[in-house]
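Once you've looked at the hints, dock chain B against the given chain A.
Here are the chains, one letter per residue:
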Amino acid sequence: GENVEQHPSTLSVQEGDSAVIKCTYSDSASNYFPWYKQELGKRPQLIIDIRSNVGEKKDQRIAVTLNKTAKHFSLHITETQPEDSAVYFCAASGDSGGYQKVTFGTGTKLQVIP
Amino acid sequence: KAGVTQTPRYLIKTRGQQVTLSCSPISGHRSVSWYQQTPGQGLQFLFEYFSETQRNKGNFPGRFSGRQFSNSRSEMNVSTLELGDSALYLCASSLAGRGSVNEKLFFGSGTQLSVL
Chain A
1 GENVEQHPST LSVQEGDSAV IKCTYSDSAS NYFPWYKQEL GKRPQLIIDI RSNVGEKKDQ
61 RIAVTLNKTA KHFSLHITET QPEDSAVYFC AASGDSGGYQ KVTFGTGTKL QVIP
Chain B
1001 KAGVTQTPRY LIKTRGQQVT LSCSPISGHR SVSWYQQTPG QGLQFLFEYF SETQRNKGNF
1061 PGRFSGRQFS NSRSEMNVST LELGDSALYL CASSLAGRGS VNEKLFFGSG TQLSVL
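Residue numbers (this note's numbering), protein chains in the order written: chain A, 1 to 114; chain B, 1001 to 1116.
Only true hints are included.
Beta-carbon label-pair distances, calculated as ranges: (1) B:Gly1028 x A:Arg51: 15 to 25 Å; (2) A:Glu79 x B:Gly1016: 46 to 56 Å; (3) B:Arg1067 x A:Pro114: 39 to 49 Å; (4) A:Asn3 x B:Leu1116: 32 to 42 Å.
Only pairs whose alpha carbons sit at most 30 Å apart, straight line, appear in this in silico BS3-like list of lysine-lysine: (5) A:Lys22 x A:Lys42; (6) A:Lys37 x A:Lys22; (7) A:Lys42 x B:Lys1057; (8) B:Lys1013 x B:Lys1057; (9) B:Lys1104 x A:Lys37; (10) B:Lys1057 x A:Lys37; (11) A:Lys42 x B:Lys1104; (12) B:Lys1057 x A:Lys22; (13) A:Lys42 x B:Lys1013; (14) B:Lys1104 x A:Lys71; (15) B:Lys1104 x A:Lys109; (16) A:Lys71 x A:Lys109; (17) A:Lys68 x A:Lys58; (18) A:Lys57 x B:Lys1104; (19) B:Lys1057 x A:Lys109.
No lab work stands behind these hints: they were computed from the structure. Cβ atoms here follow ideal geometry from the backbone N, Cα and C, with glycine treated the same way.
So that you can see chain A by itself, here it is in the shape it has in the complex (with noise of 0.2 Å):
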């Protein structure tokens, strides 16, 4: 089945700079990749996803990138604020006999330091 890495656990930065996260996947037959973030508290939500068929998209201060090939994505948070403090899911889905299954990373808790 699908293994999704998912790199560093834990991140702090300065607020104002950029944040990386980056996710390792297994399965080649993986075509959607969405990034959930979960604030203290709250229920984990959609930020941004990209599909395989684009090597990149941006969302204001976010993007995510995809490499197929070295089955690599990653978000990027540009001019961190202190409430992108959260911890952050990268997930890889596919098709599993027709229906959708997806797998996620382990988390990354994203401190931002005022």
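Just chain B now, with coordinates in the frame of chain A:
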């Protein structure tokens, strides 16, 4: 549109007991999946239901079971509770029908289970 609702929000049980958690998906969503969240372990997939049928199952012991009703509401049951079952249990709903991939998951707030 109402979000995904999970009840109860908190549960305290003792070892050996059993527990049932409930999840009501977003209206129109027929897929419900369950995850166990523990510090350092991320989101561990338990199982996924669609139209009352279990479509996918994670690597959890048979003490963990679930079901889905005709209105798409889902329940998860854990029998013979162990201390290690203490965790936040999240459910998520999506539209994902057969042949449909790349579907966004909408999570509930979770049920925090403590086993003493």
